[in-house]
Amino acid sequence: MIRALALFAVALFFAAFAGCEATPPLTPTQWEALETRKVEGKRDDVLRAASAVILDQGYFYTASDQAAGTVTAAKVPSSQRDAFQRSGGMTGPAMVDTISIWVIQSGPSECDLRVQYRDFGRHVESNERVSAFWSAVQRRMLKQEPSPATGG
Amino acid sequence: MRNFTFITLLSLAALGGCETTQPMTATQLDALQVREVEVPADRAFAAASSALFDAGYQIHVSDADAGLLTAERREDPSVAANATLLILTAILTRGGGAQDKPPDFYAICIEVLPDGPDRSAVRIRPFLNGQVQSAQNPAARKTVGELWTLMQRQVLMKEPTK
Chain A
1 MIRALALFAV ALFFAAFAGC EATPPLTPTQ WEALETRKVE GKRDDVLRAA SAVILDQGYF
61 YTASDQAAGT VTAAKVPSSQ RDAFQRSGGM TGPAMVDTIS IWVIQSGPSE CDLRVQYRDF
121 GRHVESNERV SAFWSAVQRR MLKQEPSPAT GG
Chain B
1001 MRNFTFITLL SLAALGGCET TQPMTATQLD ALQVREVEVP ADRAFAAASS ALFDAGYQIH
1061 VSDADAGLLT AERREDPSVA ANATLLILTA ILTRGGGAQD KPPDFYAICI EVLPDGPDRS
1121 AVRIRPFLNG QVQSAQNPAA RKTVGELWTL MQRQVLMKEP TK
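Protein chains in written order, with the numbering used here: chain A, 1 to 152; chain B, 1001 to 1162.
Chain B extracted, bound-state conformation (with noise of 0.2 Å):
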């Protein structure tokens, strides 16, 4: 009986670890992805590019039209760090299966959208290796944060003298 009742418990306080998080709606996700700049659609557009460039992105697809951007950059393992896991893993291997630290690719796709004749709104969504990174990541929004400032200094640049 007692053992009963410690299974039960323990099995009630197992399920209470795990708690499923929902998938967050479009609202919540244009709530943390999205932001607006004072200026038309073509100039944060043209802002959004310069910002990838400066950050060390390859363009892969660029969209002024439809205001669509992809861009992606590698980033490889250190020498030493790679040197390090492919001693480890030929030790525990015993020389069967030494692995490297494949590259790791970071993405960025843009969307650019109108928000009337002087606004428009701009949405930065980050990837590694190929799948969408949270919103609430820090690596990913350390990473909107810095595109975030070259954009805007692109942006404050290009701003035409009064």
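Excised from the complex, chain A in its bound form (with noise of 0.2 Å):
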């Protein structure tokens, strides 16, 4: 009977256990497609649409390179606010929620927005942040008036 009993005790452990199935991690692609957005344009204008709602959603800007299309900013959740002010401001080690995008041409008159969001240096699987931000770079981009046409 307490052989039976034994049994049953660990049966029901492993079957415990099978119930805590972890997702398993997204692979590279499937982060890319997860947080890469069409947008139609010119790669400046997107890039410079994409910088205004950087700055609308309250990040600062940490890292800007035009040529190669990236822009890093981050923002510091109110419970880092004193650990900021305490370890040297934006040169400091405190942690802080970051965006960075990348901006490349794809077509023609076509771009694609990669937006990556971070978490207290947690990477953000989150659909609907990356969408947001999508649809605030497609509403600057029919407010702002297109470039100039560059080369012949």
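A hint or two may mislead.
[Stated by the list, open to error] Part of the chain A face toward chain B, derived, beta carbon under 8 Å:
(1) L55
(2) G58
(3) A63
(4) V76
(5) R81
(6) R86
[To be verified] BS3-like, lysine-lysine: derived pairs with alpha carbons at most 25 Å apart:
(7) A:K75 x B:K1142
(8) B:K1101 x A:K75
(9) B:K1101 x B:K1142
(10) A:K38 x A:K143
Please keep in mind that the hints were generated in silico from the structure rather than gathered at the bench. On a predicted model such as this, the values are computed, not experimentally measured, just so you know. Ideal Cβ placement from N, Cα and C applies to all residues, glycine included.
Grab the two chains, each in its own frame, and use the hints to assemble them into the complex.
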């Protein structure tokens, strides 16, 4: 009887573990698909619109390379404000929320916009946030005047 | 019954105080933060960089091609204020948790956008301790106003003689 009970307990223990199946991490291709959206327009215009949206969302720029089409920005969460102040501000090691964007010309009048969020250093898997950013960029694109054509 | 009426009225009064402010749209933000200058974008960018130097900011990000700038300024509390706070918190916590006042970090993000060959739009966004300051905040408005004055001075100074 005791043996049967022990066996039952062991079986229950393993069954409980089987329920704790962790979702596998996304592959680089899946991340790319999740974070990339198409935007109509020239790369410079899209980059400008995306940079404006970054400011709209309350981030400050921490890196920018126009030639590469990348911008990185950060925002200090309220819980990290004191740590930010005590560790040297922007140059300090305080944990912040970041956003990185990458704009690549994918066609004559179309760009790929990749948006990557990291909250407290953790890569954020959020289709909604990327879509919200993309919508805001689209709205900005409608507002701004297109840049003059370059080259011949 | 009388108590019930009183509690209801009190709850309604409390709810009346819970007026929430709607977040501003991009257009509203632009109206408050963007100013137009009658110079090409490269000159507006140079004027913005110069204004930041004049105002005592340290530039952390500068991308002239994209028209983006980030700069930061540290402001330490006075020794007297820090000593007072240390003594007061030490007394109140009986020596267990004396606290000092950390420095404040003021940051500015600037976006310079070309608006035709001889015009550009400049957007100035102030931050305090890593968090964006509302465009209606009086301190933020003062900071932006001062930077704007410095920038205009630069633009005027560099105006070519006709």
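Results of checking the hints against the structure:
1. Here the hint on A:L55 is kept, as its CB sits about 5 Å from the closest CB of chain B, short of 8 Å.
2. A distance limit of 8 Å between C-beta atoms decides the matter here; for A:G58 the minimum to chain B is near 4 Å, and the interface restraint holds.
3. Of the supplied interface hints, the one on A:A63 holds, with its beta-carbon coming within about 6 Å of a beta-carbon of chain B, less than 8 Å.
4. Evaluation of the A:V76 hint against chain B yields a held restraint, the C-beta minimum of about 3 Å falling below 8 Å.
5. The closest approach between the C-beta of A:R81 and any C-beta of chain B is roughly 5 Å, which is under the 8 Å cut-off, so the hint is satisfied.
6. Residue-level restraint check for A:R86 holds (minimum Cβ-Cβ distance to chain B is 5 Å; threshold 8 Å).
7. For the hint linking A:K75 to B:K1142, the alpha-carbon distance of about 22 Å falls within 25 Å, and the restraint holds.
8. Taking the CA atoms of B:K1101 and A:K75, the gap is about 22 Å. The hint holds against a cut of 25 Å.
9. A threshold of 25 Å between alpha carbons decides the hint, and for B:K1101 with B:K1142 the separation of about 23 Å falls inside it, so the pair holds.
10. Restraint check: the Cα-Cα separation between A:K38 and A:K143 comes to about 18 Å, which is no more than 25 Å; the hinted pair holds.
Consistency with the previously given hints is maintained throughout, with no hint failing.
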